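Colleague: Could you build all of it, start to finish, from the sequences and the hints given here?
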Amino acid sequence: MSSNSFYDRDIVSIKDFTKDDLEFIFDATDKVSKLRPAERSELGKGRTLGYIFYEPSTRTRMSFEAAMASLGGSSIGISDLKSSSVEKGESLADTIRIIDLYSDVIVLRHPLDGSSRFAAELSQNPIINAGSGSEEHPTQALLDLYTILKEKKKIDGLSIAIVGDLKYGRTVYSLLYALTNYDVDLHLVSPPSLAVRKESIYEVQGKLRIKEHSELADGVLSDADVIYVTRIQRERFPDLQEYEKVRGTYTIDENTLAKAKPDVAVMHPLPRVDEISQNIDHTKNAIYFKQASYGKELRAALLALMLNESLPG
Amino acid sequence: MSSNSFYDRDIVSIKDFTKDDLEFIFDATDKVSKLRPAERSELGKGRTLGYIFYEPSTRTRMSFEAAMASLGGSSIGISDLKSSSVEKGESLADTIRIIDLYSDVIVLRHPLDGSSRFAAELSQNPIINAGSGSEEHPTQALLDLYTILKEKKKIDGLSIAIVGDLKYGRTVYSLLYALTNYDVDLHLVSPPSLAVRKESIYEVQGKLRIKEHSELADGVLSDADVIYVTRIQRERFPDLQEYEKVRGTYTIDENTLAKAKPDVAVMHPLPRVDEISQNIDHTKNAIYFKQASYGKELRAALLALMLNESLPG
Amino acid sequence: MSSNSFYDRDIVSIKDFTKDDLEFIFDATDKVSKLRPAERSELGKGRTLGYIFYEPSTRTRMSFEAAMASLGGSSIGISDLKSSSVEKGESLADTIRIIDLYSDVIVLRHPLDGSSRFAAELSQNPIINAGSGSEEHPTQALLDLYTILKEKKKIDGLSIAIVGDLKYGRTVYSLLYALTNYDVDLHLVSPPSLAVRKESIYEVQGKLRIKEHSELADGVLSDADVIYVTRIQRERFPDLQEYEKVRGTYTIDENTLAKAKPDVAVMHPLPRVDEISQNIDHTKNAIYFKQASYGKELRAALLALMLNESLPG
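Protein chains in written order, with numbering that gives the first Met the number 0: chain L, 0 to 312; chain R, 0 to 312; chain B, 0 to 312.
Any given hint could turn out to be false.
Simulated DEER-style distance windows between Cβ atoms [stated by the list, open to error]:
id: 1; chain 1: B; residue 1: Gly132; chain 2: R; residue 2: Gly113; range: 41 to 51 Å
id: 2; chain 1: R; residue 1: Glu308; chain 2: B; residue 2: Glu120; range: 39 to 49 Å
id: 3; chain 1: B; residue 1: Glu120; chain 2: L; residue 2: Gln123; range: 38 to 48 Å
id: 4; chain 1: B; residue 1: Pro110; chain 2: R; residue 2: Glu54; range: 18 to 28 Å
id: 5; chain 1: B; residue 1: Gly132; chain 2: R; residue 2: Arg208; range: 47 to 57 Å
id: 6; chain 1: R; residue 1: Lys44; chain 2: B; residue 2: Asp280; range: 35 to 45 Å
id: 7; chain 1: B; residue 1: Gly132; chain 2: L; residue 2: Gln123; range: 31 to 41 Å
Taking lysine-lysine pairs in the DSSO-like style, the calculated list, with each CA pair at most 30 Å apart, reads [as the list claims (entries may be wrong)]:
id: 8; chain 1: B; residue 1: Lys260; chain 2: B; residue 2: Lys244
id: 9; chain 1: L; residue 1: Lys44; chain 2: R; residue 2: Lys33
id: 10; chain 1: B; residue 1: Lys44; chain 2: R; residue 2: Lys33
id: 11; chain 1: R; residue 1: Lys166; chain 2: R; residue 2: Lys151
id: 12; chain 1: B; residue 1: Lys289; chain 2: L; residue 2: Lys44
id: 13; chain 1: B; residue 1: Lys149; chain 2: B; residue 2: Lys206
id: 14; chain 1: L; residue 1: Lys149; chain 2: R; residue 2: Lys44
id: 15; chain 1: R; residue 1: Lys44; chain 2: L; residue 2: Lys33
id: 16; chain 1: R; residue 1: Lys153; chain 2: R; residue 2: Lys166
id: 17; chain 1: R; residue 1: Lys44; chain 2: B; residue 2: Lys33
id: 18; chain 1: B; residue 1: Lys149; chain 2: L; residue 2: Lys44
id: 19; chain 1: L; residue 1: Lys30; chain 2: R; residue 2: Lys44
id: 20; chain 1: B; residue 1: Lys258; chain 2: B; residue 2: Lys153
id: 21; chain 1: B; residue 1: Lys30; chain 2: B; residue 2: Lys14
id: 22; chain 1: B; residue 1: Lys44; chain 2: R; residue 2: Lys30
id: 23; chain 1: B; residue 1: Lys30; chain 2: R; residue 2: Lys44
id: 24; chain 1: L; residue 1: Lys283; chain 2: L; residue 2: Lys153
id: 25; chain 1: R; residue 1: Lys210; chain 2: R; residue 2: Lys260
id: 26; chain 1: L; residue 1: Lys166; chain 2: L; residue 2: Lys149
id: 27; chain 1: B; residue 1: Lys44; chain 2: L; residue 2: Lys33
id: 28; chain 1: B; residue 1: Lys44; chain 2: L; residue 2: Lys44
id: 29; chain 1: R; residue 1: Lys283; chain 2: R; residue 2: Lys260
id: 30; chain 1: B; residue 1: Lys30; chain 2: L; residue 2: Lys44
id: 31; chain 1: L; residue 1: Lys260; chain 2: L; residue 2: Lys244
id: 32; chain 1: L; residue 1: Lys30; chain 2: B; residue 2: Lys44
id: 33; chain 1: L; residue 1: Lys44; chain 2: R; residue 2: Lys30
id: 34; chain 1: R; residue 1: Lys44; chain 2: L; residue 2: Lys44
id: 35; chain 1: R; residue 1: Lys33; chain 2: R; residue 2: Lys149
id: 36; chain 1: R; residue 1: Lys44; chain 2: B; residue 2: Lys44
id: 37; chain 1: B; residue 1: Lys44; chain 2: R; residue 2: Lys149
id: 38; chain 1: R; residue 1: Lys18; chain 2: R; residue 2: Lys152
id: 39; chain 1: L; residue 1: Lys44; chain 2: L; residue 2: Lys149
id: 40; chain 1: R; residue 1: Lys44; chain 2: L; residue 2: Lys289
Keep in mind that the hints were calculated from the coordinates and are not lab data.
Computed from a predicted structure; not experimentally measured.
All C-beta atoms, glycine included, are put in the ideal place defined by N, C-alpha and C.
Modeller: See below:
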C-alpha cells in the first residue's frame, strides 16, 4: 500500500480530494472489509471517537459509531443539544476544543458552511465533516462513489441521473463535486424551483456533461446506469398541489424500472419517505441498503487511515 | 451442553418457547454467570448490539447494554426519537433494515403488537423483542421465571399471586403465558376494572389453575409462595377516590408480610412507585432488586447464545 | 506506591480528603498519565461505569466517559431524564439501586445537597459525586488543585484570586474547602450580591488568609499567582444594567493580563461565556483547556484507584 496521506488528516470538503485520494480510500475500504475481526479490532483499540451533532442524525451517527466499534474503539459525544453545555451559551470553538481533549478523532455536523474548516483549524486531532451547511457531506459522497464502483465495477463512462430536491440537499452537492473526478454523463432531474444552484453548475461545468430536466422523462430513464434519488420535502413547496404532482412524477416504482436499463442501480442516501416504492426493495436494482452498508465500511476504513500511519497487509 | 438452538434465533414471543427452551436458557444463565470475566468478555468481543426504543425505557435498555458490555461487546442505538430520522418520516421497516446493517443483534421496543415479528422478518440479524404492544415482553418473563427458580429452587408446585394492574401491563401477560409451561396455582388480584383481559384467561385456562380476586385477601396471602406486584397507574382510574382506595389495599408492607408465608418472595418488574413499601426492602422476602440483577445475567446469557454457536465449558 | 485507600471507596465530599489523600491522588494521576496505552487499558477492562445526571452536563459526563474508555472500560447511563423511568415516578433510591446492579462504579449529579451521601449508603459499588446541590463537586476541586500543582509546581505559598459568581457555583465551594489543606492567600472577588455565603467563610476562616473584594482591583491583579474565573449568569441579576456593569468589570482580557504577574495562570471550570476574552486563549497564561485535559487524567486515575486494589508500577 502506498503512503497513507490520511494519517492525522482532516476530512472537511470533498473538493480537497484528488482522484488518487479517492482511489486510495476505496482500496483501503476493500482492504479493511476483508480483515479478520481480530486484526480489524486492533486498528482503533483504546482510541475514542468524539461526535458533536448540532443537527439531528441517526444514521450518520450510528454508522460512525458502528465503524469505530468494528475497529475496537469507543465513541462519546453530544447528539442531544438540549442537555448539553451548548445551552449555557458555549461557543462552537470552546466545544470543539474540549471534545478535542477527550477524543482522538472528531465527527462534527453543524448547520453553518465553514464550521468544519473552522473546527479543523482549532483542533489538534483530525476532524471529519459529517455535514456542514448546505454543500458539504464528504463521507456521504465517498460512500456514494464507492457504492457505484462496487456495484457497476467502474465510474468512468457511466450515465448518472440525480433526481429530487437538488437545491437544498448537501448530499447532492458533495456528490456533484466528487463526480468531477470522473468521466460521466449527468442528468439533473428536479422541479425548476428545486434545481441545483446556478453557482454550483458553473463550478462543475466543463468537468461533467450535464443535462437538466424538469421531469423524469423516458429518455433519461433509458440512458441512466445509476438513478440517485433524494428526498423531496413538503415544506419546500408553497403550493401543496404542486408538491403532490412532483411527488407522483418522481416516485421510483415498478413502472419506472420497466422503462430503465435492466441493470440500472437505484440509490438513495436515506431516510426515504415515499420517493422510492417499497415494491422495488426486493429487486436487484435496489441498492440503497447496500449503500448504507458500504457506508459503514468506508467510514471504518477512513477512521483506520486517520488513526494509523499504515494499515496491515 | 446440548445443541444451541438459539444461535442466530429471534426472541419475539414467550409463546415460542418450549419448556426445554426455558430450561436450556436457565442452564446457560447459570453457566455464563460463573464464567471468569476474561472468558465471558470473549463471547461478544467485536460484536455490536443495536437498540431502538420507540417507547421510553431506562432499565431495560441499560440492562441490555450492561449485559453486552459484560460479554466484551458494544451497543449503539436510538432511544431519543426526537433527535432521530424517525422524525423525518422514516418507516419502521427502513429503520430496522439500517440498524440491521450496523449491528449483530437488535433490541426493539415498539408500541404496536406484531412490531417485533415484523422486524424479525426483515432483518438478517436476530431480533430481541424488548416490549411490543400490550402483550409481549419475553425477556422480562424469562428473567421472572429464572428469579423464581433461583430463589425458590423450583417453579412446579408453587402458588403465585400476581397483584395490581393486570389489564395494561405486558409484563403480566408474558409471565402468564410463560407459566403455562409449569404446574402452578395462580391468584390474579386486581380491581375488577383492571383484571386480566378475558381472551388471555381463555388462552391459558386448563394449563394453569387460576383464581381471580378483587382484593388481596388473607386467604391469598397465606397461600402464596410468590407475590408478584405490578405498578398501578393513576391515569387508569376515572375516579381518584377509587384509585386511592385500591392503592391503599394493595400496598405490600410489614402488615402484608405478617399475614404471608414466612418465606414468601415479593417480586416487582420495577420501577415501583408505592405499591411496595420501602420498609420491607431489607427483608429476605424482598427479591425485586435481585430480580433486576438476574435480569442482566439472563440477558447476557441470551445474547451469548444468539451470538455464538456454542458456549465454553 | 503506598496502600490504596481509594479502592472501593466513595468520593462524596472534598471535605473527606486529607492532605495525604490529595497527594496520593495527584501521584496516581502522574502515574496513570505515563502508562503505556496497553497497560492503561487493563485498569478498567470489562468494567462498567454507570452515570446518572439529573442536571444537564456535557463536559463532566464526557470527561468521565473518556477517562473510563482510556482504562478499557465502558459507560452506560441516563443523561436525558425525559426518556427514563424517573418520569414514571421512581425514587432516587431505586434508581441508584438498579444502576448499582448494572455497573461497577456510579457517577451521580443531582440538584439536592446530600444526594451523593445518600446514594453512597445505598449502593454496593462506589459512588462519585459529580455535583450535588450548591456546595459539592469534589472531582472538579481535585482537578483544579492538580492543575495548579502541574502548572505552578506547588500550591503552598501561592496567592489565588477567585472571581465571578461566588455564591451559586458549587465549583467555588469545593475549591475553597480543598484549599484549606494548603497555605495560600485567597482573594474572593465578586459583586456583593454574589459573594461567598457567610457560613462557608466562617467554616474555612483560620485555615485560609481571605480578603474579599467587590472589584477586580489592581492590587489583586498584581498579587495573584492564579486567577480562577467562574461564569456570571444573567439570571442572577434583577437589574440588567447592574449585570452589564459587572460583566464588563470582571472580564479577563489583554488589559487584565497587562496588570497581572507575567506568569499568572488563568483558570476556568468551563463552559465560559464571555468572562474570559478569546483574545488571551493563545497566551501561556490561559490554562483553562489544559485544566480540562488534566480533568480527564485525574478522573481516569481516580477510577483506576477505585476499581483496582493497586496500580501497576
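Colleague: Now tell me, hint by hint, if it's right for this structure.
Modeller: These are the hints, each one checked on the structure:
{"no.": "1", "hint": "B:Gly132 - R:Gly113: 41 to 51 Å", "verdict": "holds, 47 Å"}
{"no.": "2", "hint": "R:Glu308 - B:Glu120: 39 to 49 Å", "verdict": "holds, 45 Å"}
{"no.": "3", "hint": "B:Glu120 - L:Gln123: 38 to 48 Å", "verdict": "holds, 42 Å"}
{"no.": "4", "hint": "B:Pro110 - R:Glu54: 18 to 28 Å", "verdict": "holds, 27 Å"}
{"no.": "5", "hint": "B:Gly132 - R:Arg208: 47 to 57 Å", "verdict": "holds, 54 Å"}
{"no.": "6", "hint": "R:Lys44 - B:Asp280: 35 to 45 Å", "verdict": "holds, 42 Å"}
{"no.": "7", "hint": "B:Gly132 - L:Gln123: 31 to 41 Å", "verdict": "holds, 36 Å"}
{"no.": "8", "hint": "B:Lys260 - B:Lys244", "verdict": "holds, 25 Å"}
{"no.": "9", "hint": "L:Lys44 - R:Lys33", "verdict": "holds, 27 Å"}
{"no.": "10", "hint": "B:Lys44 - R:Lys33", "verdict": "holds, 18 Å"}
{"no.": "11", "hint": "R:Lys166 - R:Lys151", "verdict": "holds, 27 Å"}
{"no.": "12", "hint": "B:Lys289 - L:Lys44", "verdict": "holds, 25 Å"}
{"no.": "13", "hint": "B:Lys149 - B:Lys206", "verdict": "holds, 23 Å"}
{"no.": "14", "hint": "L:Lys149 - R:Lys44", "verdict": "holds, 29 Å"}
{"no.": "15", "hint": "R:Lys44 - L:Lys33", "verdict": "holds, 18 Å"}
{"no.": "16", "hint": "R:Lys153 - R:Lys166", "verdict": "holds, 27 Å"}
{"no.": "17", "hint": "R:Lys44 - B:Lys33", "verdict": "holds, 27 Å"}
{"no.": "18", "hint": "B:Lys149 - L:Lys44", "verdict": "holds, 29 Å"}
{"no.": "19", "hint": "L:Lys30 - R:Lys44", "verdict": "holds, 21 Å"}
{"no.": "20", "hint": "B:Lys258 - B:Lys153", "verdict": "holds, 23 Å"}
{"no.": "21", "hint": "B:Lys30 - B:Lys14", "verdict": "holds, 24 Å"}
{"no.": "22", "hint": "B:Lys44 - R:Lys30", "verdict": "holds, 21 Å"}
{"no.": "23", "hint": "B:Lys30 - R:Lys44", "verdict": "holds, 29 Å"}
{"no.": "24", "hint": "L:Lys283 - L:Lys153", "verdict": "holds, 18 Å"}
{"no.": "25", "hint": "R:Lys210 - R:Lys260", "verdict": "holds, 19 Å"}
{"no.": "26", "hint": "L:Lys166 - L:Lys149", "verdict": "holds, 28 Å"}
{"no.": "27", "hint": "B:Lys44 - L:Lys33", "verdict": "holds, 27 Å"}
{"no.": "28", "hint": "B:Lys44 - L:Lys44", "verdict": "holds, 12 Å"}
{"no.": "29", "hint": "R:Lys283 - R:Lys260", "verdict": "holds, 12 Å"}
{"no.": "30", "hint": "B:Lys30 - L:Lys44", "verdict": "holds, 21 Å"}
{"no.": "31", "hint": "L:Lys260 - L:Lys244", "verdict": "holds, 25 Å"}
{"no.": "32", "hint": "L:Lys30 - B:Lys44", "verdict": "holds, 29 Å"}
{"no.": "33", "hint": "L:Lys44 - R:Lys30", "verdict": "holds, 29 Å"}
{"no.": "34", "hint": "R:Lys44 - L:Lys44", "verdict": "holds, 12 Å"}
{"no.": "35", "hint": "R:Lys33 - R:Lys149", "verdict": "holds, 14 Å"}
{"no.": "36", "hint": "R:Lys44 - B:Lys44", "verdict": "holds, 12 Å"}
{"no.": "37", "hint": "B:Lys44 - R:Lys149", "verdict": "holds, 29 Å"}
{"no.": "38", "hint": "R:Lys18 - R:Lys152", "verdict": "holds, 16 Å"}
{"no.": "39", "hint": "L:Lys44 - L:Lys149", "verdict": "holds, 28 Å"}
{"no.": "40", "hint": "R:Lys44 - L:Lys289", "verdict": "holds, 25 Å"}
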